[in-house]
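All chains should be built: construct the whole structure from the sequences, respecting the hints.
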Amino acid sequence: MTASLLWKRIWRHKIFYLFMLPGVIWFFLFSYVPLYGIQVAFRDFRFTGGFTGSPWAGLKYFHQFFDYYQSKEIIRNTILISGMKLCIGFLTPIVLAILLNEVRNVAFKKTVQTLSYLPYFVSWVVVVTLMQRLLSQYGGPVNNFLESIGLVNEPIQFLNNTSWFYQMIIGSDIWKNIGWNSIIYIAAIAGIDQQQYEAAKIDGAGRFKQIWHITLPGIRNIAVILFILATGSLMSAGYEQLLLLNGPATASIGSVLDVHVINAGIGSGRLSYAAAVGLFQSVIALILILTVNRVARKVSDVSLF
Amino acid sequence: MKKRLISPFDVLNYIVLALLGFSMIYPFIYILVYSLNDGKDSMMGALYFFPRKFTFDNYAQVFDNPKIWAAYKITLMRTLLGTFLSVFLSTMMAYALSKKTLPGRTFFTFYIFLPTIFSAGFIPYFITLQKLHLINTFWVYVIPSLFSFMHIVIIRTFLQGIPEELEESARIDGYGDFQIFTRIILPLSGPVLATIGLFVGVAHWNDWFTGAYYVSNKDLIPVQTLLQQMLTEAEALSNAAQQASQNGGQTINVNMAGSTPESLRMALLVIAVFPILCVYPFLQRFFVKGTMIGSVKG
Chain Z
1 MTASLLWKRI
11 WRHKIFYLFM
21 LPGVIWFFLF
31 SYVPLYGIQV
41 AFRDFRFTGG
51 FTGSPWAGLK
61 YFHQFFDYYQ
71 SKEIIRNTIL
81 ISGMKLCIGF
91 LTPIVLAILL
101 NEVRNVAFKK
111 TVQTLSYLPY
121 FVSWVVVVTL
131 MQRLLSQYGG
141 PVNNFLESIG
151 LVNEPIQFLN
161 NTSWFYQMII
171 GSDIWKNIGW
181 NSIIYIAAIA
191 GIDQQQYEAA
201 KIDGAGRFKQ
211 IWHITLPGIR
221 NIAVILFILA
231 TGSLMSAGYE
241 QLLLLNGPAT
251 ASIGSVLDVH
261 VINAGIGSGR
271 LSYAAAVGLF
281 QSVIALILIL
291 TVNRVARKVS
301 DVSLF
Chain S
1 MKKRLISPFD
11 VLNYIVLALL
21 GFSMIYPFIY
31 ILVYSLNDGK
41 DSMMGALYFF
51 PRKFTFDNYA
61 QVFDNPKIWA
71 AYKITLMRTL
81 LGTFLSVFLS
91 TMMAYALSKK
101 TLPGRTFFTF
111 YIFLPTIFSA
121 GFIPYFITLQ
131 KLHLINTFWV
141 YVIPSLFSFM
151 HIVIIRTFLQ
161 GIPEELEESA
171 RIDGYGDFQI
181 FTRIILPLSG
191 PVLATIGLFV
201 GVAHWNDWFT
211 GAYYVSNKDL
221 IPVQTLLQQM
231 LTEAEALSNA
241 AQQASQNGGQ
251 TINVNMAGST
261 PESLRMALLV
271 IAVFPILCVY
281 PFLQRFFVKG
291 TMIGSVKG
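If you read the sequences in order, they're chains Z and S.
Per the UniProt record's numbering, the first sequence starts with residue 1, numbered consecutively.
Per the UniProt record's numbering, the second sequence starts with residue 1, numbered consecutively.
All the given hints hold, so there is nothing to weed out.
On the chain Z side, residues computed to face chain S include the following (Cβ under 8 Å): (1) 20; (2) 27; (3) 31; (4) 34; (5) 103; (6) 122; (7) 232; (8) 262; (9) 266; (10) 271; (11) 274; (12) 278.
Below are the DSS-like pairs computed for lysine-lysine, each with C-alpha atoms no more than 30 Å apart in a straight line: (13) S:67 to S:218; (14) S:100 to Z:14; (15) Z:14 to S:99; (16) Z:209 to Z:110; (17) S:99 to Z:8; (18) S:131 to Z:60; (19) S:100 to Z:8; (20) S:67 to S:53.
Calculated from the structure, these hints are not laboratory results.
Note that CB positions come from ideal geometry on N, CA and C, so glycine has one too.
As structure tokens, then:
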């Protein structure tokens, strides 16, 4: 194609470039300008100087983070919490989709499905407020119920308690997301050829064999893709939930990178330091996602890119 | 007719799923019951499915509070404006990207994809918002959430399913590109626009973070941030109420009726959740389909 031909084609599409213009500008301002601004992690950022006007500081702020007495704890907490979320939060929607698929009663299935999406549509503030009230030691229905059936003698302190913290984090995460995340698997299962099940039945395969040999392989590809996507967030444990659920009482096991960045950056105004921590987080996330993507491509021929 | 056997697996399965469904809805039922019960009475506990001392007092007091009305207005405005602009502009971009003949199509797709795998992080983003003078304005709610890679891909995939012939015949009828977009493409895209509209709308409605960290002007606080403030400062409401009553105040007066800070908080929570509960069952069939399109082929 000659240059003038290309130019002609571009000119013919001029209105479409106009359509893209707001988006192109937006992505430039809100994604690429901040990328350029990553350099504040290597500078002594002063607001008047802007991204490029402040003096270089080298790796000072990275050293500051790794010398910080709690940094190991924060990294460990982050990996622990998001690792648990990754495994449990990844498996439970698959289990739900399979269980729903085994239900023959359409009305029952529809009802459970509709109810299961509900928590996804409320904010973390609402979820944590619900938890505070339901799990309260003072007249909360959960403790009331446990006491009335004689399971506990005195109310359990579920929140702000290190021995229940992880259960609360993971439990509320599952509660909020299980239904929504199962949609995709339900769709994938619906796409499986029914003849396979018929054939398996004739061969004498029971319920579990059918699930193991037909349903699970049928959703394998989509599961791999979602797993790759999820690994990208291993260094981020979900800042909304943890900002709201973590308090002084649970700080030793509940402080995570995202919250540390927000508190140090906006709370204490240490912007360069917080940017350095955030950059560390982003780089690890990128390495993780690229690694898992490569491994997945080798092992199962499924990959994102 | 063959008798259908109900296996132990079925029984267990139905029980597990019924319990799951119950756990999804019960917290909301409980909060509704709590908010409709006399606040002081609720503190005694043993409240499960029905109000013991039924009252609308909690709601009356919440609705009497001008701060809450103002917050509701902010939430409503940002949700309507933000959703409309986001859906309209995203669809325009997705429509352009759905044109297979568009020179530079791959480049632009990559241009919007890259930030999803490597982001600058929170701080450079925050500084950018400051430099753009968005901090502490109403627009910080609307502009930074206009576009998302995922939404554009979902819409693009949908648009690619619209037959080219429709556009061809419109062109023969003398329609220009923009007219084709507004008169043919948009009307045909109802389901996907409803899906994305729901996603964006719910995100706007539920966002408390922007109000808490990017806005300090008290007049710009949305409902969810108000709820978060009550959550983090457990005593905030009662303090405010005491202060208000000391100043001959107009905010919430705890002493008058049987309401407690807790029962008022629950009433506000119901108000904050209610609109979503009303909308989402109707849009369900759209978003189930919409997410599938986007994620399977995306």
